[in-house]
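Engineer: So the chains spell out like this:
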Amino acid sequence: MIKPKIAYFNKFIHWKMVMVYLIAILCVTIVLTTAIGPVYVPPLEIVALLGNKLHLCEAASIPHKYDVIILQIRLPRIVLGLLVGLSLATAGTTLQGLFKNPMADPYIIGIASGAAVGAVFSMLILPGFLFIYTKPFMAFLGAMFTTFLVYNIAKVGRRIPVDTLLLTGIAVSLFLGAVLSFMMFVAEDLHSIFFWLMGGFWLANWAQVKITILPVFVCFFLIYIFAKDLNAMLLGEECAQTLGINVEWVKKILLVFAAFITATAVSFVGTIGFVGLIIPHITRILVGPDHRILFPASALVGGIFLVWTDALARLLGEMPVGIITAFFGAPFFIYLLRKRKGGHYFT
Amino acid sequence: MPLEIKDVDAYYGSVKILDGIDFSASHGELLGVIGPNGSGKTTLLRTISRILKPKVGTILLEGRDVQGMKDKEFSRNFAAVPQDTTINFDFSALDIVLMGRNPHLGRLELEGEEDIEIARRCMELTNCWHLAERPITELSGGERQLVIIARALTQEPKVLLLDEPTSHLDINYQIEIMELLKRLTSEEKLIVVAVIHDLNLAAQYCDRLALLHKGKIVSLGTQAQVLTAENIKNTFGADVIIKKHALTDHCFVSPVPSLLKRQNKNEAELTIHLICGGGEGASLMHELCERGYRVTAGVVNMLDTDQEVAKLLNIPVVTEAPFSPITEEAFQAHLALIDKANVVVLCNTPFGYGNLKNLEVAERALERNKPLLVFDATRIEKRDFTNGEATKRFIALKDKGAIMVKSQEEVLKLLNISTLFDA
Ligand SMILES: Nc1ncnc2c1ncn2[C@@H]1O[C@H](COP(=O)(O)OP(=O)(O)OP(=O)(O)O)[C@@H](O)[C@H]1O
Ligand SMILES: [Mg+2]
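If you read the protein sequences in the order shown, they are chains A and B.
All residue numbers for the first sequence refer to the numbering used here, where the first residue is 413 and numbers rise by one.
All residue numbers for the second sequence refer to the numbering used here, where the first residue is 5 and numbers rise by one.
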């Protein structure tokens with residue numbers, strides 16, 4: 413009976429293969445989506461330019477007319493898309509694991525609304541006090557505050573039941589929606605807030621990428637460290653505790669990280685819903701429930717998904733990308749709700 | 005003692021749940037915790053497994069205070085199997101078992117050959133290795149329980165805590181799991197503390213029992229010391245009969261038939277005397293008592309089933325020393341009982357030289373005009389071990405007016421027509 417042992421190591425190989433495939437798809441995605449937009453750029457040109465820039469090859473002749481479009485407009489937008497997709501998917505995976513609940517998502521439980529209020533507040537009241545970091549910082553404060561508010565309201569005894577969590581999230585989101593409306597009502601520069609709220613990448617630039625990339629990756633790594641703990645917590649909190657995990661501490665830490673990574677994403681591109689809900693689900697079907705593979709895989713899938721939806725948004729005359737994700741996401745959410753009646757939460 | 009629970013008080017909020025719990029357990033011991041619902045058994049296990057912090061008192065493992073241990077170190081020493089585990093995720097059974105290696109691995113460390121080897125050994129020990137690749141969501145409750153126990157074992161703990169590991173399981177899995185625990189203690193020298201609802205299972209497998217009531221240990225010791233009718237009455241509030249199991253000499257708990265609590269009298273107030281022995285009267289005694297008749301019996305030897313049942317049912321009975329012939333003294337006592345009876349029943353008892361006097365007493369009953377019902381279910385020749393002497397006397401009874409009956413139902417029916425037998 414040696415079979416399961418081999419199968420077990422096959423699992424690790426399978427994980428590696430999944431990552432290789434996803435990275436390959438990611439590369440293709442980057443090239444293809446760079447080509448898409450009001451001006452069509454031949455993919456080969458993009459490959460040549462990228463190869464050149466990364467010193468991978470010495471392409472002979474590159475017509476310079478595409479340089480600005482590729483390097484200054486499309487690429488920062490795509491990289492930012494990847495980072496935001498990664499962040500939302502990671503936040504979603506974390507929350508779903510923490511709450512053992514597939515409905516948890518940074519938007520549905522109100523974290524993102526909190527971040528939005530924080531961000532809009534900073535746009536209105538104190539634009540300059542931390543330079544470019546003001547908005548992310550305020551968004552983080554808003555997200556944290558909302559997280560702990562929802563967490564504590566939804567808590568019944570020591571448990572956080574699914575229904576109270578969703579209801580609390582909705583109630584708090586509605587309240588924050590009212591706060592947002594109020595702020596827009598009194599605002600002078602309504603236009604920028606309005607566009608920001610709809611969610612989109614049209615203002616993406618390398619400066620945003622630069623300040624986002626490090627926090628997002630650090631935060632992703634810090635969350636990833638807890639992958640095994642999340643696995644064990646799926647067996648029940650007391651079970652996890654007897655496996656040597658300080659459950660209460662892990663929960664708080666992960667909530668802070670999830671709020672942080674959501675806020676970072678939200679602060680630059682506005683509210684883009686449902687990515688954190690759909691992506692972890694689909695990835696779980698692909699790779700199983702183990703968070704050690706679920707985190708990296710859903711991060712990649714999230715990035716790829718958002719970059720493609722953004723490309724679609726570009727084609728549709730710069731439609732806010734949040735509209736497209738909601739078009740996909742809301743029906744998916746309803747599907748999950750209906751499936752939940754059957755009793756099974758995951759996959 | 006390796007595991008010492010010293011004067012532990014535990015609270016939920018301001019409610020005291022555990023009150024001065026004090027016991028210890030040694031390596032290779034299977035300690036059963038029993039007690040009524042809500043007595044604090046789960047709370048006790050939660051306290052030992054550090055989920056609940058005791059307000060007063062300490063828990064020592066091999067002389068070390070467990071509160072001082074780091075989380076991972078603690079989980080290398082203590083493993084717990086919770087009351088019920090529901091897992092909604094498609095982990096394979098082996099995935100779940102390997103989670104038990106977490107305390108031994110670094111955060112980012114993948115499980116290696118050695119871990120899988122340990123998991124395999126534990127799963128073989130619990131007889132679930134063949135389930136290794138199955139999704140945990142598709143296993144039956146019993147199979148899942150085996151997997152969860154295997155997971156606890158892969159932690160390689162010194163102490164294993166189980167909360168009702170056998171509830172919801174069928175008798176086969178109950179036995180399998182209890183035998184496993186027994187093996188783990190005797191072979192692997194584990195300290196096992198298990199909450200067990202089934203008193204008989206606890207009696208049969210546990211080395212010692214702790215009886216919990218309202219957060220206190222009211223009795224601690226061997227099953228014979230703990231499982232007394234009095235203890236059970238005081239804690240569970242239930243009337244039970246404690247018997248020794250015929251094969252294993254373990255205590256055996258069964259509920260007292262409801263009649264003993266009713267203690268109502270039959271309207272007819274008839275007293276029925278059974279001449280029995282060899283276990284032939286037991287079930288009729290019970291039936292009659294159930295119907296509210298007063299019952300007496302004689303002469304039976306000590307240790308005879310009839311004697312034991314009579315004792316349980318509080319029936320006056322004339323007894324004789326084990327395997328001894330009926331003495332004159334017992335015969336006279338027997339006659340005295342028969343004098344007080346309204347009806348005498350001669351059961352389907354086999355006759356040897358030792359109890360021939362029971363046939364003689366039946367004759368005397370007839371002589372005293374007592375109605376005599378005689379069981380004739382098994383032919384007398386077949387249960388005559390006196391070379392015909394008993395048969396002769398038996399046939400004589402018939403001639404003197406004994407009423408022959410074939411079955412218990414017939415006896416009950418005849419007794420019902422109470423006019424036949426005036427009180
Ligand atoms: N989380 C809790 N908060 C407050 N009180 C609790 C909690 N859990 C249990 N209790 C109370 O503590 C007492 C002991 O409960 P415990 O679960 O230890 O009983 P038990 O002996 O395991 O019962 P059972 O046989 O039904 O499992 C009960 O009165 C119960 O109501
Ligand atoms: Mg219990």
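Simulated from the structure, these hints should not be mistaken for lab results.
Even glycine gets a Cβ: it sits at the ideal position worked out from N, Cα and C.
Treat the hints with care, as some may be off.
If you want a taste of the chain B side facing chain A, the calculated C-beta under 10 Å gives, among others [claimed, not checked]: (1) S53; (2) I120; (3) P329.
Engineer: If a hint holds in the structure, say so; if it doesn't, say that too.
Structural biologist: Comparing the hints with the structure gives:
no.	hint	verdict
1	S53	holds, 5 Å
2	I120	holds, 5 Å
3	P329	violated, 64 Å
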